[in-house]
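Residue numbers (the numbering used here), protein chains in the order written: chain U, 11 to 139; chain E, 3 to 395.
Mixed in with the good hints there might be a few duds.
As the list claims (entries may be wrong) - Here are the in silico distance ranges between beta carbons for each label pair: (1) A115(U) - T244(E): 29 to 35 Å; (2) G107(U) - L27(E): 26 to 32 Å; (3) P190(E) - W47(U): 48 to 54 Å; (4) H126(E) - D52(U): 30 to 36 Å; (5) L108(E) - L101(U): 47 to 53 Å; (6) T217(E) - W47(U): 40 to 46 Å; (7) L108(E) - A115(U): 44 to 50 Å; (8) F90(U) - K96(E): 29 to 35 Å; (9) A68(U) - A166(E): 19 to 25 Å; (10) Y116(U) - G181(E): 41 to 47 Å; (11) I342(E) - D112(U): 29 to 35 Å; (12) D17(E) - L101(U): 31 to 37 Å; (13) F51(U) - N227(E): 41 to 47 Å; (14) G42(E) - F51(U): 29 to 35 Å.
No lab work stands behind these hints, which were simulated from the structure alone. Just so you know, even glycine gets a beta-carbon here, dropped at the ideal spot from N, CA and C.
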Amino acid sequence: MSNADQHHGDEIGHVIPIKFLVFICGILLFMTGVTVWVSWFDFTEIDMAEMGIIVAMAVATVKATLVGLYFMHLRWDRPFVGFIFVVSIILVLLMCGLAFLDTNAYQEEIIPGDTALVTEALDKLKSDH
Amino acid sequence: MAESHELNLQHHYRDMAQQHDAAKLGIWLFLATEVLLFGGLFCGYAIFRGNDPELFKWGEQFLDEFWGGLNTAVLLISSLTMAMAITYVQLERKRAAMISLTVTLLCACGFMVIKSIEYSHKFHEHLLGGLAFYQVSDHGEGHGEPTVALEPGDAAAGKKWWDAACRSCHGPNGEGVPGQGTALNTSPYVHNHSDAELVKFIEVGRTASDEASITKLEMPAKGGNPMLKEQDLYDVVAYLRTLQTEPVEVGSHQVSEVKTTAAPATGSLIDDIPRSTVPLANSAPSGLAPIDDTEAETMAVFLPAKKHEKPKVPQLAKDRPANAHLFFGLYFMMTGLHGIHVIIGMLVILWLMWRLQRGDFNKRYYAAVECGGLYWHIVDVIWIFLFPLWYLI
Numbered sequence: 011m012s013n014a015d016q017h018h019g020d021e022i023g024h025v026i027p028i029k030f031l032v033f034i035c036g037i038l039l040f041m042t043g044v045t046v047w048v049s050w051f052d053f054t055e056i057d058m059a060e061m062g063i064i065v066a067m068a069v070a071t072v073k074a075t076l077v078g079l080y081f082m083h084l085r086w087d088r089p090f091v092g093f094i095f096v097v098s099i100i101l102v103l104l105m106c107g108l109a110f111l112d113t114n115a116y117q118e119e120i121i122p123g124d125t126a127l128v129t130e131a132l133d134k135l136k137s138d139h
Numbered sequence: 003m004a005e006s007h008e009l010n011l012q013h014h015y016r017d018m019a020q021q022h023d024a025a026k027l028g029i030w031l032f033l034a035t036e037v038l039l040f041g042g043l044f045c046g047y048a049i050f051r052g053n054d055p056e057l058f059k060w061g062e063q064f065l066d067e068f069w070g071g072l073n074t075a076v077l078l079i080s081s082l083t084m085a086m087a088i089t090y091v092q093l094e095r096k097r098a099a100m101i102s103l104t105v106t107l108l109c110a111c112g113f114m115v116i117k118s119i120e121y122s123h124k125f126h127e128h129l130l131g132g133l134a135f136y137q138v139s140d141h142g143e144g145h146g147e148p149t150v151a152l153e154p155g156d157a158a159a160g161k162k163w164w165d166a167a168c169r170s171c172h173g174p175n176g177e178g179v180p181g182q183g184t185a186l187n188t189s190p191y192v193h194n195h196s197d198a199e200l201v202k203f204i205e206v207g208r209t210a211s212d213e214a215s216i217t218k219l220e221m222p223a224k225g226g227n228p229m230l231k232e233q234d235l236y237d238v239v240a241y242l243r244t245l246q247t248e249p250v251e252v253g254s255h256q257v258s259e260v261k262t263t264a265a266p267a268t269g270s271l272i273d274d275i276p277r278s279t280v281p282l283a284n285s286a287p288s289g290l291a292p293i294d295d296t297e298a299e300t301m302a303v304f305l306p307a308k309k310h311e312k313p314k315v316p317q318l319a320k321d322r323p324a325n326a327h328l329f330f331g332l333y334f335m336m337t338g339l340h341g342i343h344v345i346i347g348m349l350v351i352l353w354l355m356w357r358l359q360r361g362d363f364n365k366r367y368y369a370a371v372e373c374g375g376l377y378w379h380i381v382d383v384i385w386i387f388l389f390p391l392w393y394l395i
């Protein structure tokens, strides 16, 4: 913003200072490191097997939010733009929620990738030649 | 402002700001559809993972978190330089903007190079779309040829069936029960036959009056449990293998009862398969194609690795889950679709560089750079989720 002041305010959009962008990127890289570090823990020992997933997804969500707010200018954009984005995410969550209603009714092997049959097919292939 | 004199203002917009806003609204609507597109795949991931969490914990060992993490860093830096390019264009610093876009493009290339290192390794192992795990159709088309002889059977699952069906006659550890069932832990028949042959035997069983029967006891088909599926039998055989001690020759006629009718079973060597990747331990000794010494040496290298070391090729893993193909199918679908987005993003960046060089953009007209940047950032955001989901947890 400050650099653009000399143009009498006729610029369009918000100018984000380079230093600030580098700072955000630093945070993002640091958080990536944290996620990798946390993934080395064995949470089953403290009886929290799902902890790894929760932490990883929480960090990823914060990272995505930072990218959205600052790299993608959502912080300074019209709220309607952010609204579109948030609605799309809500729709995805809705879809996941509905799809999850009947997952326990699935067959164990949803798509046959039966390896025993592969072996048999190999035998057949060989006897045919 | 003298908006009417703006060179780049389309006649149907009131002013440059409105034109800029309209362009951004358009790209954001597109990005929303991108979120929905990938959302479907993430939903699939969540369902498969929820149903079979072990599968994903198993599969993760075949994805290198170093390459995945490096790619995350590369993409984050490219996002930074993309955002920098927009700032520089807004400030009308053309040279700095050009450098930023160039670095973004180089990062994108780096991402694809790393991706191709990962992919080519997996292509080589026929893992694309999990094809190596699929059943081949009768006509040999549609699913592609099977390329590696697979080593089936999950001993842990097999124990369950053993205890339910086999144990009452063959004993808890396969030592046999007098008058009920023969000892299998020392059986040369078990020792000398491949998994596929044993499964065939169990499937039909053997009557007490059969000439080949040495015990003159009836072996009911599938151990008297018709519910068992073929995969279950392979699991049982895998468990049976874990019970094996040294075979004891009871009578010489036993070995001759081998009725390998058509082809030798597992360990089949199809011409175009790299032989070193074929599992050997359970293959029928009689049925193997002649192997020269050097080949035998190469193969021997792979034998000890099977039990104790981390398997290099997923098909050969002892503990391979039944839905292994699902893991690789979904992995290639999600990362592949993301990779296609990266390639499209690279083309967009090239186009932006060309227009920037031509002098198209100024502080009041740069919507194309901003929209290209937004697209690039959403590609980054998707990877931010893909990385932990596939490589870490």
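Cross-check of the supplied hints:
Against the hinted window of 29 to 35 Å, the Cβ-Cβ separation of A115(U) and T244(E) comes to about 34 Å, which satisfies the hint. Range check, G107(U) to L27(E): about 28 Å between beta-carbon atoms, so the 26 to 32 Å window is met. In this structure, P190(E) and W47(U) meet the distance hint of 48 to 54 Å, their C-beta atoms being roughly 53 Å apart. Here the CB-CB span from H126(E) to D52(U) is close to 32 Å, well matched to the stated 30 to 36 Å.
A hinted range of 47 to 53 Å for the beta carbons of L108(E) and L101(U) is inconsistent with their spacing of about 35 Å. Checked against the given bound of 40 to 46 Å, the beta carbons of T217(E) and W47(U), roughly 59 Å apart, lie outside it. For L108(E) and A115(U), the hinted distance range of 44 to 50 Å is satisfied, since their beta carbons lie about 49 Å from each other. Taken as a hint, the range 29 to 35 Å holds for the pair F90(U) and K96(E), whose Cβ atoms sit roughly 31 Å apart.
A68(U) and A166(E) have their C-beta atoms about 43 Å apart, which leaves the hinted 19 to 25 Å range violated. Judged by the Cβ atoms, the range 41 to 47 Å given for Y116(U) and G181(E) holds: they are separated by roughly 44 Å. The hinted window of 29 to 35 Å between I342(E) and D112(U) holds, with their beta carbons roughly 31 Å apart. For D17(E) and L101(U), the Cβ-Cβ distance of about 33 Å falls inside the hinted range of 31 to 37 Å, so the restraint holds.
Checked against the hint of 41 to 47 Å, the pair F51(U) and N227(E) passes, with Cβ atoms roughly 42 Å apart. At about 31 Å, the beta-carbon gap between G42(E) and F51(U) stays in the expected band of 29 to 35 Å.
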